[in-house]
Each structure stands twice: as C-alpha cells, then as structure tokens.
Amino acid sequence: MKPLIREAALVTKDLGQLVFIGAIARYFHTKDYRDSQDLDFVMATPLTEEELFDKGYRKFNENRKDVWRTPRGIKIDMYTSDVGGISVETLIKTAKQFDADKKGTKLSVMSLECLIISKHRAQRDQDISDLRMIAHRKLREVDWNLMREITGDETECKSIKTDMEFLAKS
Amino acid sequence: MTDWNQLLLEVKDGLTFAQRLPPSITYSVKNDGVPIAGSEKTVYRRLNVLESIGLANFRDGRFQINRAVHQPHFLFQKLLPSLVALKNARRFGKLYNSSDVSLSRRILDEKFLITLDYAAWELTRYQTPSDLYLYVDDIETTVKLLKKNNFSEGKKGHVILLPKIGDFSNKIERVYLDCIAKGGRNTMDAIAIEILHGDKLSAKGQFSIEYVLKVQEDLPKEQDDN
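Listed in order, the protein sequences are those of chains A and B. The first sequence begins at 1 in our numbering and counts up one residue at a time. The second sequence begins at 1001 in our numbering and counts up one residue at a time.
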C-alpha cells in the first residue's frame, strides 16, 4: 500500500466519517500518484481541538500558521465548510468508496464530478495538469447530469465539458 | 547550433499575444483570440509559432497556452532550450507502470541526466515522481536500446527521452528551468527548488504568492527546517 493511502486509512480509523479530497481523491480517480505528502479531507462532524489532542494529533506553528499533524507526523488539512464552493453536505452525499487494500479497508473519496468542478474552479497550474489527466483517463465516466446538479449552473457545466473535451485530445 | 536570440525574436509577437489573454484553461480562437490579435489568420500565425516551442496547442477553434509564457523576458531566453527539448520529447513504455522506470534505468546503465519529476524529488522530496525524464547524448541509439528491450514508443509511457540541448553546467538550475518550462504540477517543483536551493540559481522565475505559500506549507517538515 502507498504510504499516503496507509495514512489515510489510519486517519479514517482515528477520526471517523471523512471524505478525502486532494491527493487521495486524485490518486483513486486517476491511479497516478504524484502529489505532495499531505492529506486533505472534509469532516461531517468537526472534532474539537481537545478531541484531536486526545487521539494523538498535534498542532504546530509552521511559517506563522497553525498546522495539524497526525500522530505519524503527516500534515492534514481539515475542511468543515466547503471546498471550491461545493458544500460539505454535497461532498459527503456524492462521495465514492474505494478499496484502500485487499483486506477490505474502505476509504471515502470525493466524487469524480466534485473533483473536476473544484479543480476547474481553482484553475491553478497543477489543477490544469490534473484535469488533463482526468480527461484522458475518465472523461467517459463523468456523470454530466450530476455535474449539472452540483454546479447548479448550465453555463459552468458547458464550460467544464468544453475544456475537458479539449484536454482529452491534447 | 540554435541561435537563441534569433528564436526569441521569432516568438516575441506570439508571447505578447499569449500574455494578453486572461487566465483560463482553454480559449476560443474567435471569442478570445481575435479581439487581441485582430483576425483569425493572425491568431493562428501566433499559435503556430507558440506551438513550435511547446507553448500552445490548438484544434477545432480552441487553444491552450502554457503558463510559462508569463515568465519575465530575462528568464525566457534561459527557458528556450528547455522548451525546445520538451517539444522534441519521445515517450516510451513497456508495462506502463512504475516498473518501467527502474527497468529503463538498468537498461540505459545510468548513461543519462535525469530532470523534472525524479530530479525534483531528489532535490526537494516535495511531490512524488511519476515520469522519468532523461537527457541522453544520442536519442536514436537510446531509442534502439529501449526498443530492443520491448519498450514501445507512444503517448502513455513513463520513460521520456529528451535531446541534450542548451547548458547543463548548473544541473540544479537546469532542472529548475525545465520545471518552469513544463508547467503544470512541475511549476510547484520549481518553487520548491527555489525555496530549498535558491542560492544555486542565477536567475529566478516569477510565481504567484498563492503558489509559493502553498509549496512552503506543504514541503516536508525536515526539509523546511533546513
């Protein structure tokens, strides 16, 4: 098992219902493991700092910013409001389950549609690389009705489709 | 031998055109390009020049621009060899997984210079590597060797051969410039290299503060503390 996937499984065991976004979502949807070594996830019910400390999680001040790390030292980013304008409720409702290993360990991961929308809205250099990879590998699996429902915007949905179709051929 | 000054002059109008486009993933020739260039014919002339050094790709009335076009003029001349090398890259695969990387390194007997993903990983430990980019002295001989070992050329392989073009006297700087020229996720590698090895670079790129803070935050702790 990849070290970051192993860590994601341990974090799920520690913290309960989570939906992974970022590197883990990118890996499970594309099978490409190229990312920074940190975990990003949304939590249905946020834990208090005290509860996190009790579970061995630690807060550090790094570059004048509070950074949480797992008991194994991996940096985590916990989202409790929204990701790229997609609500936590939608992220949880549309999340997909993936096998982390062959022993039946499951990880909950943001849907392909939410991943595409969040990256298309962010439009950072790395998001464009990721969208190209997703377009090459997963374009046929995109549920455009779900995409329309999540964005709630026909124009945005059309723009995503146009960009993804172009990237798939490039 | 390539005259980089001449090449820079040839791409100047294309660069100016690309730099005037607002940030977007893809553009429409008619709706985005024509208002800047004046006519469709001029848009395609600009795109053809940019495409020749890997800064644009276009089809069916749409195009995409490599964001390296936004690097300052003083850096651009240094980027040209990287851009040209990447434009002439040839991709190979056998089993199309990470085992191709170790196998190709054995076959080629370490007679190459590594750049991009794996070189940046060695320097920063920031992003796990995916593709093995190799500068080789003689592309054709290397291709023959890979093919003899059942590697095929195509679009999906993880082993990429690049012609040795330009200056390699400062290897860290060359990896840094290659990362900027490649763009995408490699932009983040360039920033990580600059943060950790800035003293080895004679010229530095321009990156958005958002990217720099993100890399600073996500760099492995032990590296960041150095």
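Just so you know, these hints were derived from the structure itself, not from any lab. It cannot be assumed that every hint is accurate.
Straight line, CA to CA, 30 Å or less: simulated DSS-like cross-link-like pairs of lysine-lysine [stated by the list, open to error]:
1. B/Lys1087 <-> B/Lys1111
2. B/Lys1171 <-> B/Lys1155
3. B/Lys1221 <-> A/Lys138
4. B/Lys1155 <-> A/Lys158
5. A/Lys138 <-> B/Lys1155
6. A/Lys55 <-> B/Lys1111
7. B/Lys1030 <-> A/Lys169
8. A/Lys2 <-> B/Lys1030
9. A/Lys31 <-> B/Lys1214
10. B/Lys1214 <-> A/Lys106
11. A/Lys103 <-> A/Lys158
Quick caveat: nothing in here was measured; it's all calculated off a predicted structure.
Requested in this report: Decide if the proposed pair is consistent with the structure: B/Lys1030 and A/Lys169, CA atoms, cutoff 30 Å inclusive.
Outcome: Since the Cα atoms of B/Lys1030 and A/Lys169 sit roughly 20 Å apart, the hinted pair holds (cutoff 30 Å).
Query raised in the report: Hey, B/Lys1171 versus B/Lys1155, does the alpha-carbon distance stay inside 30 Å?
Result: 27 Å, holds
Query raised in the report: Going straight from one Cα to the other, do A/Lys103 and A/Lys158 come out at no more than 30 Å?
Result: Violated. A/Lys103 to A/Lys158 sits at ~40 Å, over the 30 Å cutoff.
Query raised in the report: Does the alpha-carbon distance linking B/Lys1155 and A/Lys158 stay inside the 30 Å limit?
Result: 28 Å, holds
Query raised in the report: Quick one, are B/Lys1087 and B/Lys1111 close enough, alpha carbons at most 30 Å?
Result: 22 Å, holds
Report task. Starting from A/Lys31, check that the Cα of B/Lys1214 is at most 30 Å away, please. Result -> Holds, at about 23 Å.
Query raised in the report: Holds or violated: B/Lys1214 with A/Lys106, Cα cutoff 30 Å?
Result: 29 Å, holds
Query raised in the report: Holds or violated: are the alpha carbons of A/Lys55 and B/Lys1111 at most 30 Å from each other?
Result: Roughly 49 Å separates the two Cα atoms, so the pair is violated.
Query raised in the report: Regarding the pair A/Lys138 and B/Lys1155, is the alpha-carbon distance no greater than 30 Å?
Result: 16 Å, holds
Query raised in the report: Is B/Lys1221 within 30 Å of A/Lys138, Cα to Cα?
Result: 34 Å, violated
Query raised in the report: Are the Cα atoms of A/Lys2 and B/Lys1030 separated by 30 Å or less?
Result: 46 Å, violated
Hint violations for this structure: numbers 3, 6, 8, 11, all remaining hints satisfied.
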